[in-house]
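Q: Residue strings, one per chain:
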Amino acid sequence: MSENAKLPPLPTGTFAERAIIWSKKNLFDGWFNTILTLGSIAFLFWLIPPIVEWAIVNATLSPTIEGCAEASGACWGFVNANLRLILFGTYPFDEQWRPLLAMILLMGIICGSLGGVKYPGMRKAIIPMWVIGVPIIAILMWGGVFGLTYVQNSYWGGLPLTLILSSIGVIFAFPFGLLLALGRQSHMPAIKTVSVVYIEVIRGVPLITVLFMASVMFPLFLPDGVTIDKLLRAQIGIILFTAAYLAEVFRGGLQAVPRGQFEAGDSLALSYWQSMRLIILPQALRLVIPPTVNSFISMFKDTTLVVIIGLFDFLGTVKLALRSDPAWTKYYVEGYAFAAAIFFLICFSMAKYSAYLEKELRKGEQR
Amino acid sequence: MTVATEPTTGAVPPPSKEDVITVNKMNKWYGNFHVLQDIDLSVRKGERIVICGPSGSGKSTLIRTLNRLETYQSGEVFVDGILLGDDVKNIEAVRREVCMVFQHFNLFPHMTVLENLTLAPIWVRKMPKKQANELAMHYLERVRIAEQAHKYPGQLSGGQQQRVAIARSLCMQPKIMLFDEPTSALDPEMVKEVLDVMVELAKEGMTMLCVTHEMGFAKEVADRVIFMDAGQIVEMAGPQEFFDNPKSDRTKLFLSQILSH
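One line per chain: the protein sequences are R and G, in this order. Sequential numbering of the first sequence, starting at 1, is according to this note's numbering. Sequential numbering of the second sequence, starting at 1001, is according to this note's numbering.
Not one of these hints is a red herring.
Examples of chain G residues toward chain R, derived with CB under 7 Å:
(1) 1067
(2) 1104
(3) 1110
(4) 1120
Some residues of chain R that are not near chain G, with every Cβ distance over 10 Å (derived):
(5) 17
(6) 47
(7) 49
(8) 185
(9) 197
(10) 351
(11) 354
These aren't lab readings, by the way, just hints derived from the structure by calculation. Where is the CB? At the ideal position from N, CA and C, for every residue including glycine.
Bound conformation, chain R alone (with noise of 0.2 Å):
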């Protein structure tokens, strides 16, 4: 018997008629589904309708208490109101162009490491952009040179301040969770052995111990006198809690290359590290795209928990501003929606990267 002969015949009529044919066959074909069809319809005819009434039709977006207080729907006018105070915290209000600049910036960089998967051109220039870039940010948010003022780092804050604390996160847990993947199978024991207590001692203990030990205990085993950042001491710890995770990810990749991929590379005569890096990494890593991007989302999520250390991120400032007035903290709802639209966006785009890499990288060479 041919193909052919199995398959059902093309649709053909107007469109009407074909979206009967197609919902009688997909959303009404036997009780139980007709059941669900039309019991998913009223569901969302019970939930859409009120949210967008609140979040559209009766909101407001006037930037005053008053104007909230005669809307009967969402007051949007609270983050319109804040919106600096939430965007940067309490980095100096007549400075504030400058963690803007700066974090357009990183924007930047980041769009342009990334795009280099797209135009091979471009990949020479990520390095020199991420050493050229981030001085230029750090001067913006220090400043104390080139005629800006100094502002101390403990008043940096808000989304720029998300933006560094996960970037700087991913830039350094990469090649540190690498390393520690590489030397949990390594033949020598000791390095072995130092990897796999790092590695399981890190993943046993909640971020927030980190980041408590980073601030608290931390500067207890320094010498009087020697202090280390708030700031870069959450810093540490974040890379730290990372690369823990990401080495098991990395590891997972590494035992999924055959074994001949290993024996090939050594029967070549090439050396551990040639191996490695021209043969085994670019195909482990590929393998492990989907939970690594999944560790970075997550990651740039714990990253609010620095607020416990007394450092205002993104989620932090949202809190902060709610504070500000007594008179706006019954608009919290309005205050998290934005932000969890915020951090949606950033982590959405990251999945949808990963799945666009995944994608570019298989072209060509499948069967």
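Please build the complex by placing chain G on the supplied structure of chain R, with the hints as guidance.
A: Okay, now just chain G, sitting in the frame of chain R:
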């Protein structure tokens, strides 16, 4: 060339000048399992040796000790005058002169055919990229697959992949080639294209050790055929002697089993 500097142990004679491979009383265990027992073997330059035997007889393990993909516990292995022991420098020196073709090709799936071939010349031999590309195209033509240079391994048939793997080894311009069941993973219709390449190579004087069940190949090109069973070299003879007049019963049984159909 690095010559082994470690003193040889015991009363074992040093390798003779003509031998490119000398194995002295080599033993290997996997736990309690004695995979290789008192192996003695010497291979002269330009010699073609076929190793056969039932599965689990240690034949693959034996040739894998010759480029140190497998370690051994006692005895000595000299390759190209270099003692293969724990010394990493010696191991790398041997691997630069000895290449291996695997049963499952082990091409690098994330690189094009051309990149597969030029990788080792560029990184190990420090050859300029342009020269490496020319060398690679030369060997791809020799294995009659030059038109596939820019494809990825996954887009080629098994026979084509194995010919690429042979070309990849040749790009290192090795003194010795090891073949570990190069046709066992191929569909029957692709075996010939790979064997043809190997026969040509043999006729050009390459020193070859080949683990295979292709007895036709053994008859055509081998200088010596080795039969292994249970970790021992049971019989070693010229192909005519080996096939027409095998000495041991185990060899006779094996030959009757694989030549019966």
